[in-house]
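S.K.: Top to bottom, those sequences are chains A and B.
Just so we're aligned: the first sequence equals residues 9 to 401 in the working numbering.
Just so we're aligned: the second sequence equals residues -12 to 56 in the working numbering.
In short, the hints are calculated from the structure, not lab data.
Hints may be right or wrong, so weigh each one.
Here are the simulated distance ranges between beta carbons [as the list claims (entries may be wrong)]:
1) E36(B) <-> G303(A): 35 to 43 Å
2) A33(B) <-> S18(A): 50 to 58 Å
3) K171(A) <-> D27(B): 52 to 60 Å
4) A33(B) <-> K42(A): 42 to 50 Å
5) D16(A) <-> E36(B): 46 to 54 Å
6) D(-2)(B) <-> G401(A): 37 to 45 Å
7) A33(B) <-> C304(A): 45 to 53 Å
8) P11(B) <-> A128(A): 24 to 32 Å
9) E36(B) <-> E120(A): 25 to 33 Å
Cross-link-like lysine to any residue pairs, in silico, SDA-like; alpha carbons within 20 Å at most [unchecked claim]:
10) K382(A) <-> E30(A)
11) K337(A) <-> L40(B)
12) K(-1)(B) <-> N339(A)
13) K307(A) <-> R50(A)
14) K(-1)(B) <-> P(-11)(B)
15) K(-1)(B) <-> D17(B)
16) K37(B) <-> N339(A)
17) K(-1)(B) <-> N105(A)
18) K117(A) <-> E18(B)
19) K37(B) <-> R336(A)
20) K(-1)(B) <-> A65(A)
21) K297(A) <-> P84(A)
22) K337(A) <-> E18(B)
23) K25(B) <-> P113(A)
24) K337(A) <-> D17(B)
25) K37(B) <-> E338(A)
26) K171(A) <-> T384(A)
27) K(-1)(B) <-> P84(A)
28) K(-1)(B) <-> E71(A)
29) K337(A) <-> D27(B)
30) K337(A) <-> R42(B)
31) K(-1)(B) <-> D69(A)
32) K307(A) <-> E294(A)
33) K171(A) <-> I186(A)
34) K(-1)(B) <-> P102(A)
35) K25(B) <-> T112(A)
36) K117(A) <-> E15(B)
37) K270(A) <-> P373(A)
38) K(-1)(B) <-> E99(A)
39) K206(A) <-> I227(A)
40) K370(A) <-> R129(A)
Every residue gets a Cβ at the ideal spot worked out from N, C-alpha and C, and that includes glycine.
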Amino acid sequence: MTRPPVNDWSTDFDHLDPRWVENPYPIWDELREKCPVAHTERFRGVYFPSRYEDVRAVAYDTEHFSSRRIIVRETPPPRIPAPPITSDPPEHRPAKNLLLPAFTPDAIKQHEPRTREICARLVEGFAGKSGCDAAADYAQEIPVRVIAVMLGLPEEEGDRFRKWIHEILELGITRPDILMKAMGETSAYFQVEIEKRKSVPRDDLITQLSRATIDGQPISEDHLLGALRLILIAGIDTTWSAIGSCFWHLAQHPEDRQRLVKEPALIPTAVEEFLRAYAPVTMAREVIKDVEIGGCPFKSGEMVLLSFPAANRDPRVFPNADRVMIGRKENRHAAFGLGIHRCIGSNLARMEITVALQEWLKRIPEFRLDPAAKVTWSEGTVRGPRKLPVLFG
Amino acid sequence: MPTLKVKVDRDKCQGHARCAALAPELFELDELGNAREKGDGTLPNALVEKAWLARANCPEEAIEVEEKA
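Only chain A is shown next, with the shape it has when bound in the complex:
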């Protein structure tokens, strides 16, 4: 589908515009100085704050901004709850507390050996080859398998999960029919899995959440399905995009790559910097009460693109914000959001990205972008390379 070209990013932006998808950073840099809260009539009205302090203000303000719609789409779909990400206070807290224990750093540590094994096996699979697609053949394969293990689903289901995610997060922005079909399929899939565990419980998240209660009451099937869908969708695309962006950077910056190979202890610090500079996730909010942010009136009923990636590039908060400095020590980045909706999976994502880099760099210290092929990027809610052809050596 062709979209009308954007002539003015301040008053008519379109985050599906190919220029935005390809390289949004210069657009945001310009907006931040000229028009810190941009607006578009497209998508039935959306605001785009690009400064850290305005993004933060929106993220913290649950009175004027609701999470009941978290993705900017062409048409308003029927509301599809995925608690707690789509929950507002006071329902949000208990819904989030259900999931948090499984995602603490200690709980995630238990999944590290398996993740390491998955990464090592994938890299060993590249032996004897001259290169690979670091997004499709490596980055994408990691979270899909780790989440499958956590949920208690077969690792081999990756293709099915990836299809749903593409349909829900990308195609579904403009195609409600595709979105609803994918939603129906995920619900049916999880219903079968929940049923299986009723007779034979397992040591997995589906079993655990099936038995969860709030205030002593079992959670509804809708709540359960929504939470499972959230874990599946939010746990895969986001992390593969983050991993992909790390490799995109390292393929082009031999000095950073060599430094991490020599100094692997720096990897966790570098991961934070990659998360800042290439933060994958932009959420959205619905304005539910008129309010002013950054001197700009926000009208009830319109949406806000809540760009943590743009906030992370604000030079008012991050010196040399446009430069990736893998040794950056002070890094209060907002890649995992701010306020009550802080990403539940942040500890999992950090572990996966770190292990993905460690295992690859150990075996493939030298690689570069394949000059004969093109890197492509996802569009919409999650930003990351979809095709990232690299050559080894």
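Following the hints, complete the assembly by docking chain B onto the known chain A.
M.R.: Quick look at chain B alone, frame taken from chain A:
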């Protein structure tokens, strides 16, 4: 030398867990992954730099370093 103390504002903390990763001597996480200072938060001189690092990396600005008489 005045005594320094670290403190996590529990209302602000959202469980990013950066403090516990950067300064495990000073911060710990509860069963939900939210942070609190260890013990009474007394900050030994040797850990002052780590405390500032944790503070500078908390996205919610939930960490306070205070002088205690």
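S.K.: Each of the hints needs a verdict: does it hold here or not?
M.R.: Here is how each hint holds up against the structure:
no. : hint                             : verdict
1   : E36(B) <-> G303(A): 35 to 43 Å   : holds (38 Å)
2   : A33(B) <-> S18(A): 50 to 58 Å    : holds (51 Å)
3   : K171(A) <-> D27(B): 52 to 60 Å   : holds (53 Å)
4   : A33(B) <-> K42(A): 42 to 50 Å    : holds (48 Å)
5   : D16(A) <-> E36(B): 46 to 54 Å    : holds (47 Å)
6   : D(-2)(B) <-> G401(A): 37 to 45 Å : violated (52 Å)
7   : A33(B) <-> C304(A): 45 to 53 Å   : holds (47 Å)
8   : P11(B) <-> A128(A): 24 to 32 Å   : holds (27 Å)
9   : E36(B) <-> E120(A): 25 to 33 Å   : holds (28 Å)
10  : K382(A) <-> E30(A)               : holds (11 Å)
11  : K337(A) <-> L40(B)               : holds (7 Å)
12  : K(-1)(B) <-> N339(A)             : holds (18 Å)
13  : K307(A) <-> R50(A)               : holds (15 Å)
14  : K(-1)(B) <-> P(-11)(B)           : violated (26 Å)
15  : K(-1)(B) <-> D17(B)              : holds (15 Å)
16  : K37(B) <-> N339(A)               : holds (14 Å)
17  : K(-1)(B) <-> N105(A)             : holds (16 Å)
18  : K117(A) <-> E18(B)               : holds (14 Å)
19  : K37(B) <-> R336(A)               : holds (15 Å)
20  : K(-1)(B) <-> A65(A)              : holds (14 Å)
21  : K297(A) <-> P84(A)               : holds (18 Å)
22  : K337(A) <-> E18(B)               : violated (28 Å)
23  : K25(B) <-> P113(A)               : holds (17 Å)
24  : K337(A) <-> D17(B)               : violated (25 Å)
25  : K37(B) <-> E338(A)               : holds (11 Å)
26  : K171(A) <-> T384(A)              : holds (17 Å)
27  : K(-1)(B) <-> P84(A)              : violated (33 Å)
28  : K(-1)(B) <-> E71(A)              : holds (17 Å)
29  : K337(A) <-> D27(B)               : violated (26 Å)
30  : K337(A) <-> R42(B)               : holds (11 Å)
31  : K(-1)(B) <-> D69(A)              : holds (13 Å)
32  : K307(A) <-> E294(A)              : holds (10 Å)
33  : K171(A) <-> I186(A)              : holds (11 Å)
34  : K(-1)(B) <-> P102(A)             : holds (17 Å)
35  : K25(B) <-> T112(A)               : holds (17 Å)
36  : K117(A) <-> E15(B)               : holds (15 Å)
37  : K270(A) <-> P373(A)              : holds (10 Å)
38  : K(-1)(B) <-> E99(A)              : holds (18 Å)
39  : K206(A) <-> I227(A)              : holds (15 Å)
40  : K370(A) <-> R129(A)              : holds (13 Å)
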